[in-house]
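Kindly produce the complete structure, drawing on both the sequences and the hints.
Protein chains in written order, with this note's numbering: chain A, 11 to 200; chain B, 11 to 200.
Hints are supplied without guarantee of correctness; some may be wrong.
Going by beta-carbon spacing under 10 Å, a handful of chain B positions derived as facing chain A [stated by the list, open to error]:
| id | residue |
| --- | --- |
| 1 | PHE122 |
| 2 | ALA152 |
| 3 | ALA154 |
| 4 | ALA157 |
| 5 | ALA162 |
| 6 | MET175 |
| 7 | ASP187 |
| 8 | LEU188 |
| 9 | ARG192 |
It should be emphasised that the hints constitute simulated quantities derived from the structure, not laboratory data.
Note that beta-carbon positions come from the ideal geometry of N, C-alpha and C, so glycine has one too.
2 protein chains.
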Amino acid sequence: MAIKERRARERAEREQLIVRAARELAETEGWDAVTTRRLAERIEYSQPVLYSHFAGKDAIVAAVAVQGCAELAVQLRAVAAEFDEPRAAFGAVARAYLAFAVANPALYDAIFTMANPLPFGTPEAPAALHEAFAAIAEPATASATAAGLDPAGYTELAWSALHGMATLTRGGRLRPDLDHSRMAAFTAVF
Amino acid sequence: MAIKERRARERAEREQLIVRAARELAETEGWDAVTTRRLAERIEYSQPVLYSHFAGKDAIVAAVAVQGCAELAVQLRAVAAEFDEPRAAFGAVARAYLAFAVANPALYDAIFTMANPLPFGTPEAPAALHEAFAAIAEPATASATAAGLDPAGYTELAWSALHGMATLTRGGRLRPDLDHSRMAAFTAVF
DNA sequence: TCAGTTGTCTAGCGGTGCTAGGGTTTCGGG
DNA sequence: CCCGAAACCCTAGCACCGCTAGACAACTGA
Numbered sequence: 011m012a013i014k015e016r017r018a019r020e021r022a023e024r025e026q027l028i029v030r031a032a033r034e035l036a037e038t039e040g041w042d043a044v045t046t047r048r049l050a051e052r053i054e055y056s057q058p059v060l061y062s063h064f065a066g067k068d069a070i071v072a073a074v075a076v077q078g079c080a081e082l083a084v085q086l087r088a089v090a091a092e093f094d095e096p097r098a099a100f101g102a103v104a105r106a107y108l109a110f111a112v113a114n115p116a117l118y119d120a121i122f123t124m125a126n127p128l129p130f131g132t133p134e135a136p137a138a139l140h141e142a143f144a145a146i147a148e149p150a151t152a153s154a155t156a157a158g159l160d161p162a163g164y165t166e167l168a169w170s171a172l173h174g175m176a177t178l179t180r181g182g183r184l185r186p187d188l189d190h191s192r193m194a195a196f197t198a199v200f
Numbered sequence: 011m012a013i014k015e016r017r018a019r020e021r022a023e024r025e026q027l028i029v030r031a032a033r034e035l036a037e038t039e040g041w042d043a044v045t046t047r048r049l050a051e052r053i054e055y056s057q058p059v060l061y062s063h064f065a066g067k068d069a070i071v072a073a074v075a076v077q078g079c080a081e082l083a084v085q086l087r088a089v090a091a092e093f094d095e096p097r098a099a100f101g102a103v104a105r106a107y108l109a110f111a112v113a114n115p116a117l118y119d120a121i122f123t124m125a126n127p128l129p130f131g132t133p134e135a136p137a138a139l140h141e142a143f144a145a146i147a148e149p150a151t152a153s154a155t156a157a158g159l160d161p162a163g164y165t166e167l168a169w170s171a172l173h174g175m176a177t178l179t180r181g182g183r184l185r186p187d188l189d190h191s192r193m194a195a196f197t198a199v200f
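Written as C-alpha cells, this is what we have:
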C-alpha cells in the first residue's frame, strides 16, 4: 500500500519539476525556447514522460500560469493590506501589478496573453485567479462607487488599462520616459 | 526598357497577392494556419518565391500589419471628423477602435500583439501608424488638458485601456455582459 | 543563333509537437 | 523463491514547420 503512495508522491514531485523547469526556461530564454525536447532534457527524462503528466504543451504552460497566478495574488494582497485608504491602496496595487509584469514577463504572458485554455470568466476558474482579480476589484469598487459608476465595468476597465500598459510596455510600444506621467494619469483618473 | 517595368509591376502585384492571401488566411483560420507552405499553395507558387519578396515570415505579417494600420487610421480619422466636440469625438473614436479589433482580430494581432519588428516609438515608424495614433491622441489631448494632466502620458494610458480591452475581450477574459458598462466607465473617466 | 541573365521549382536540412511499439523494471501472490 | 502481470520509460518515427541550396527552364539582348 505504502508503495503506491510513494509512487504518487514521486509523480507529483516530477510534475512540479516539469513546471519549474518550464518556468525557468521561459523566464531565461523566452517561451520560444520551451520545447518538449529541451524540457525533457532538462528534467533528464524523455519527451513521452511529459505526456504522461500533461495532455500537451499547452497544459504545461497552463500549469505554469496557475502557479504564477497564485504568486500574483499573494503579492497584490500583501500590498493592498498595507493601506487603509482605498484610493491609496488602488494606486499601490496598480504599481505592484505592473511591477509583477516587468519582473516576470514570461509568467505574465503565460497567464494573460498566451492562448491557454484557462477558464476566465465567472465559471470555474482557478481560485488563485479569482483571488488576484479580487485584489484589484476591491479598491477599484471603492473608487467606482465614489464616482457613481458601475463597479463591475469600472474594474474591468481599470484592469484593461493595467494589462494594456503591461503588454504594450514589453513590446516597446510605449515611451519609457512617460512611465511616470502615465502612472500619474492612472491614479488621477481611476 | 518597358519590359523591366512590366516585370516590376508584375512583381509588385504578386507581392500584394501574397499579403492579401496571408491576411485572408489569418482572418479565416488564424495566424497559426498561415504557414509558408499553405501561403505558397494559395498563391499558386512554390515557397521559395515568398523569400524573393520578403526576408521571412515575420516580414510578411509585418506587411499585413502596415496595411491594416492604414485602414485603422482611415477609419478612426473618419469617425473623428464627424464630431466637433473633442469629448464626443474621443468616445466615438474609442468605440471605433474596439470595433476594428473585433471586426479584424487577426489584423489587430498582426499590428499590436505579434512580435513583429515594427519600430513603434517616436523614431521611424510607418506613417500610417503615426496617423492612427494621432487620431486617438488629438481628442485625448483635449481631454487631458481639460483635466490638467500631461497629455502624453494620458494618451498612452487611454490607448493602453483600449488595447487592454481589445485583447482581453478576444481571450474571453472580460464578461461580455459588461461591455456597455465598461464603455460607459471609459467615457466617464477619460 | 546563342551566351548570359532571370526566374522558378524540387529536394532537403534541422527543428517542432506528439505518439506507437517494444523492452525493462517492479510488484504481488503462490 | 519465482514467476506472470502490471507499470514504467525509451527509442524511433510521423507529419508538420521556416528556410535554403542547387538544378533547370525561360527569356533577354547582341
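Looking at the structure, which of the earlier hints fail to hold? 2
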